[in-house]
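Number of protein chains: 2
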Amino acid sequence: MSVPIAGVGMTPFGKHGELTARQLFAEAALEAFEDAGIGPNDVDEVFYGNFMGEFAEQQGHSGPLAADMAGVTAPSTRIESACASSGAAVRFGVNRVRSGEVDVALVGGAERMTNISTAEGTAALAAAADALWEIKQGITFPGAYSLMAQRYFHEHGGGREDLAAIAVKNHQNAVENDLAQFQRAIDVDDVLEAPTVCSPFGLYDCSPMSDGASAALLVSEEFAEEHGLDPEVAITGTGQSSDRLALADRVSMTSTPAAERAGEAAFSEAGIEPEDVDVAEVHDCFTIAEVLALEALGFYEQGEAISAARNGETTIDGDLPVNLSGGLKAKGHPVGATGGAQISEMTKLLRGDHVNSDAVADAEVGITHNAGGTVASCVVNVLEVVS
Amino acid sequence: MSVPIAGVGMTPFGKHGELTARQLFAEAALEAFEDAGIGPNDVDEVFYGNFMGEFAEQQGHSGPLAADMAGVTAPSTRIESACASSGAAVRFGVNRVRSGEVDVALVGGAERMTNISTAEGTAALAAAADALWEIKQGITFPGAYSLMAQRYFHEHGGGREDLAAIAVKNHQNAVENDLAQFQRAIDVDDVLEAPTVCSPFGLYDCSPMSDGASAALLVSEEFAEEHGLDPEVAITGTGQSSDRLALADRVSMTSTPAAERAGEAAFSEAGIEPEDVDVAEVHDCFTIAEVLALEALGFYEQGEAISAARNGETTIDGDLPVNLSGGLKAKGHPVGATGGAQISEMTKLLRGDHVNSDAVADAEVGITHNAGGTVASCVVNVLEVVS
Numbered sequence: 001m002s003v004p005i006a007g008v009g010m011t012p013f014g015k016h017g018e019l020t021a022r023q024l025f026a027e028a029a030l031e032a033f034e035d036a037g038i039g040p041n042d043v044d045e046v047f048y049g050n051f052m053g054e055f056a057e058q059q060g061h062s063g064p065l066a067a068d069m070a071g072v073t074a075p076s077t078r079i080e081s082a083c084a085s086s087g088a089a090v091r092f093g094v095n096r097v098r099s100g101e102v103d104v105a106l107v108g109g110a111e112r113m114t115n116i117s118t119a120e121g122t123a124a125l126a127a128a129a130d131a132l133w134e135i136k137q138g139i140t141f142p143g144a145y146s147l148m149a150q151r152y153f154h155e156h157g158g159g160r161e162d163l164a165a166i167a168v169k170n171h172q173n174a175v176e177n178d179l180a181q182f183q184r185a186i187d188v189d190d191v192l193e194a195p196t197v198c199s200p201f202g203l204y205d206c207s208p209m210s211d212g213a214s215a216a217l218l219v220s221e222e223f224a225e226e227h228g229l230d231p232e233v234a235i236t237g238t239g240q241s242s243d244r245l246a247l248a249d250r251v252s253m254t255s256t257p258a259a260e261r262a263g264e265a266a267f268s269e270a271g272i273e274p275e276d277v278d279v280a281e282v283h284d285c286f287t288i289a290e291v292l293a294l295e296a297l298g299f300y301e302q303g304e305a306i307s308a309a310r311n312g313e314t315t316i317d318g319d320l321p322v323n324l325s326g327g328l329k330a331k332g333h334p335v336g337a338t339g340g341a342q343i344s345e346m347t348k349l350l351r352g353d354h355v356n357s358d359a360v361a362d363a364e365v366g367i368t369h370n371a372g373g374t375v376a377s378c379v380v381n382v383l384e385v386v387s
Numbered sequence: 001m002s003v004p005i006a007g008v009g010m011t012p013f014g015k016h017g018e019l020t021a022r023q024l025f026a027e028a029a030l031e032a033f034e035d036a037g038i039g040p041n042d043v044d045e046v047f048y049g050n051f052m053g054e055f056a057e058q059q060g061h062s063g064p065l066a067a068d069m070a071g072v073t074a075p076s077t078r079i080e081s082a083c084a085s086s087g088a089a090v091r092f093g094v095n096r097v098r099s100g101e102v103d104v105a106l107v108g109g110a111e112r113m114t115n116i117s118t119a120e121g122t123a124a125l126a127a128a129a130d131a132l133w134e135i136k137q138g139i140t141f142p143g144a145y146s147l148m149a150q151r152y153f154h155e156h157g158g159g160r161e162d163l164a165a166i167a168v169k170n171h172q173n174a175v176e177n178d179l180a181q182f183q184r185a186i187d188v189d190d191v192l193e194a195p196t197v198c199s200p201f202g203l204y205d206c207s208p209m210s211d212g213a214s215a216a217l218l219v220s221e222e223f224a225e226e227h228g229l230d231p232e233v234a235i236t237g238t239g240q241s242s243d244r245l246a247l248a249d250r251v252s253m254t255s256t257p258a259a260e261r262a263g264e265a266a267f268s269e270a271g272i273e274p275e276d277v278d279v280a281e282v283h284d285c286f287t288i289a290e291v292l293a294l295e296a297l298g299f300y301e302q303g304e305a306i307s308a309a310r311n312g313e314t315t316i317d318g319d320l321p322v323n324l325s326g327g328l329k330a331k332g333h334p335v336g337a338t339g340g341a342q343i344s345e346m347t348k349l350l351r352g353d354h355v356n357s358d359a360v361a362d363a364e365v366g367i368t369h370n371a372g373g374t375v376a377s378c379v380v381n382v383l384e385v386v387s
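Just so you know, the sequences run in chain order A and B.
Here the first sequence is numbered in our numbering, starting from 1 and rising by one per residue.
Here the second sequence is numbered in our numbering, starting from 1 and rising by one per residue.
These are calculated hints, taken from the structure and not from any lab test.
Small disclaimer: the values here were computed from a predicted structure and weren't measured.
Hints are not guaranteed to be accurate.
Identical chains share a label here; the pair holds if one copy fits it or two copies do between them.
[Claimed, not checked] Straight-line alpha carbon distances no greater than 25 Å define the calculated DMTMM-like cross-link-like pairs of lysine to aspartate or glutamate that follow:
1. Lys136 <-> Glu18
2. Lys136 <-> Glu120
3. Lys15 <-> Glu120
Excised from the complex, chain A in its bound form (with noise of 0.2 Å):
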C-alpha cells in the first residue's frame, strides 16, 4: 500500500555549533509541518532516529524530547539502528499508517556531532560495531570499511582510482546544494593526494563528522484527501533486514546481504525491478560502501559496481545517477539524520524542486538505501511519483 509523503524538511547539515539534536530536529519538523500544510496537533505518532546521543550530548531517552521540541505531544520513540536509525523511522512509520491505525506520523531524526573531538566521535561511532570482537580489538569504522574495500580490490580488481572517481561525483552533485557540509567541487588528484585515513582510505573517501536533522511527514491517503494535500510523491516500498554485527562473523566480506534482503523486500512491495529505478540515494559513508551498495540493490553483478562512477554511469547525466544530494560524503553524515535526508533529498527531486531536479526531470522511481554499521541493518524505501 503507498504512503503519500505530505512535507518533508532537513536542516542544512555541517556545523551547528551549540545547537542540540532536540533543536535541529524541530527545525527540520516546523520545515516539514509548512511543506505539508499541517500542523503538530496533526500528528498521531513520531519515530525518531539519533543514534549517539549518549556520547555526544548525554543524552537518550530523545523520542519524546524531540517531538516536544517540535511541538508533538503524540507518542514518540527513539529509534536507534547505528547510521541507519532514521532509516528504520521511516519504515517504522510507513507501516503504521499501512496499518490503518495512525493517520499522519512524522519520522525522521537528528544528529549531533561536531560538538565532541574526531577521536571522541570515532570512538562512539564504533558502538555500532561489535564491542566485544571488534571495538576491543582496535576496530574503528574507516577500519571495518578498509578491509571491506581491500578485500574487494583482491577479489575484484579495481584501485583507488575508481573509489576517487565515486568521491568526485558526489563532491559535484553537492556544489549547488544548499544543504550539504561540502558545496566544492574536487578532483582526483585531490582524492589520492590527501592524507591516509585507513589504507585505502584517504580523506575524501570517508563521510565527515555533521550536526544536522531530517524530517518527513507519512499520511493516509484517507487523510491527505480530507485536509486537501496533494502530495506527489509516496512511499510504495519498505524493506528492513539484520545481519550479524562483526565482519569477522559473515561468509563473505565483499557482499551486503542485509542490504540484499531489505532490496528484494522493498522492491517486491513496490512491485519493480532494479531496472525500474531512475535515480538513487545509498549509503556512501565510504566510498567502498557506494559500490557495495550497488551490487546489493540488483544494479550491478558483484564485482562489476566498482567502475560505475569512473564509467560515468552513475554520475548526473549517466544512465542511474546516484547520490545526486551529494551523499553522505559530500552532503553530510549526521549519522542519526542519513536515512530521513535521503528521503527529503528524494522527495524533492522526484517533485522538482531539488537543484539538481533538472538532470531527473523524467524519473519517476527513486530509492534510498541507509545503512548501519558496516551493513548489519539496512533499510531501502522505493519512492515513486503519484500524482
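Chain B: place on chain A using the hints.
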C-alpha cells in the same frame, strides 16, 4: 484486535557477572521459544529494548546483535524509551502483528548494569532525564522522584510509613519468586531505618541495579491456529504516550499524564474499565511511583493511592493485587528488560503457572504499566485470558 502471547521467557534478575546483555537476551528468548513450541526461524521481526548499553558495554546497534545471539535472522531494531524500552518494544510487536504483515514478533529487552559502579550506573540512568535542564543541574533519578514524593506529601498528605508499606508488600510478593533479585521479606522498620538515599527515600524505597533479560513471542491468531498453538493469554489493548522530559516543564509534579493517556488508550482498545482489572504490574522504580501509577490508571482518585498498600488493598489478598512478581523493587530492574518482564510475569500469573498464581486464580484481566524517566514515556498493556 487480540494478539496471542505464544510464549514468554525471563532470566533471573540480579547479578550476572560476565554475561553480556546479548547473552542474557538469548537466554530469555530461548526460554520463550521453548514455552511457545516454535523456533527462531518462525520469527518475522524483532523489537529489542535496551537503554544504557552505550554506557555499560560501549554497545549501541544492539537490535541485530541480540537477535543474532537468539538465532534469529529477521529484521531487528533496538527500541529505546529509557526504562520503558521493552514496554515500547512489546507495543511495537503487538501493532506489527495486528497489521497483518507479521505473524510472529519476538519482543523484549535486556540490560547489563552491575558490571559498572553504582555511581556510573546512576550517571548512565540520568541520560533518561533532560541533559540540559536536569542532568547539568545535578538531578539524578532518586533526586527527581524524591521531589515528586515530597510534593505529593505536601499536596495530599501521607509519609514515609505509607511508602514503606509498598516496599514491604513488594518484597513479600517476591519471597518465593525464583526469578527475583531479592527473595526475602522486610518489615516497615527495615525500610524506615535504612540509609537515606535521597529524602524521603531510604535504600528500600529504590529499585536496585540489576542484570537481566525478558522475551515474549507475539503471534497472529492465524499462525497460532496453523501451528496448533493454544495460547491462554493475549494482549487485547496497548497504549503509549509521551510527556516533556524535565519535571520543571510540567504542570504538575504529582500526576503522570503520559500514564493516564497510555492507560486510556490501552483500556479503550481492550474495551475495559479500571474496575475490570484483576491484577496489575506497575513501574515501581521508587515506592512513590507505584502510587502515581495507580492514580494515573484510574484505580484511585488523585491523592488516595498513597495508603493503598498500608490498607491492604493492593497486597496479595487485597482487592487489586499489585506487583505480585515483586515489582521493580524486589524482582529487580534491569531497565531495558523491565517492560518485557512485566509481560512474562503477568502471562504466567494469568495462565496459572506463576508461584503467586493461586492468589489470583479467578483473574481474567491483568495490566502492565511501564514508565521511562519521570514518566515522560509510558506504555500500558492489557492482558486477558482467552482460552
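Q. Tell me, which hint numbers fail for this structure?
A. Of the numbered hints given earlier, the structure breaks none, since each of them holds.
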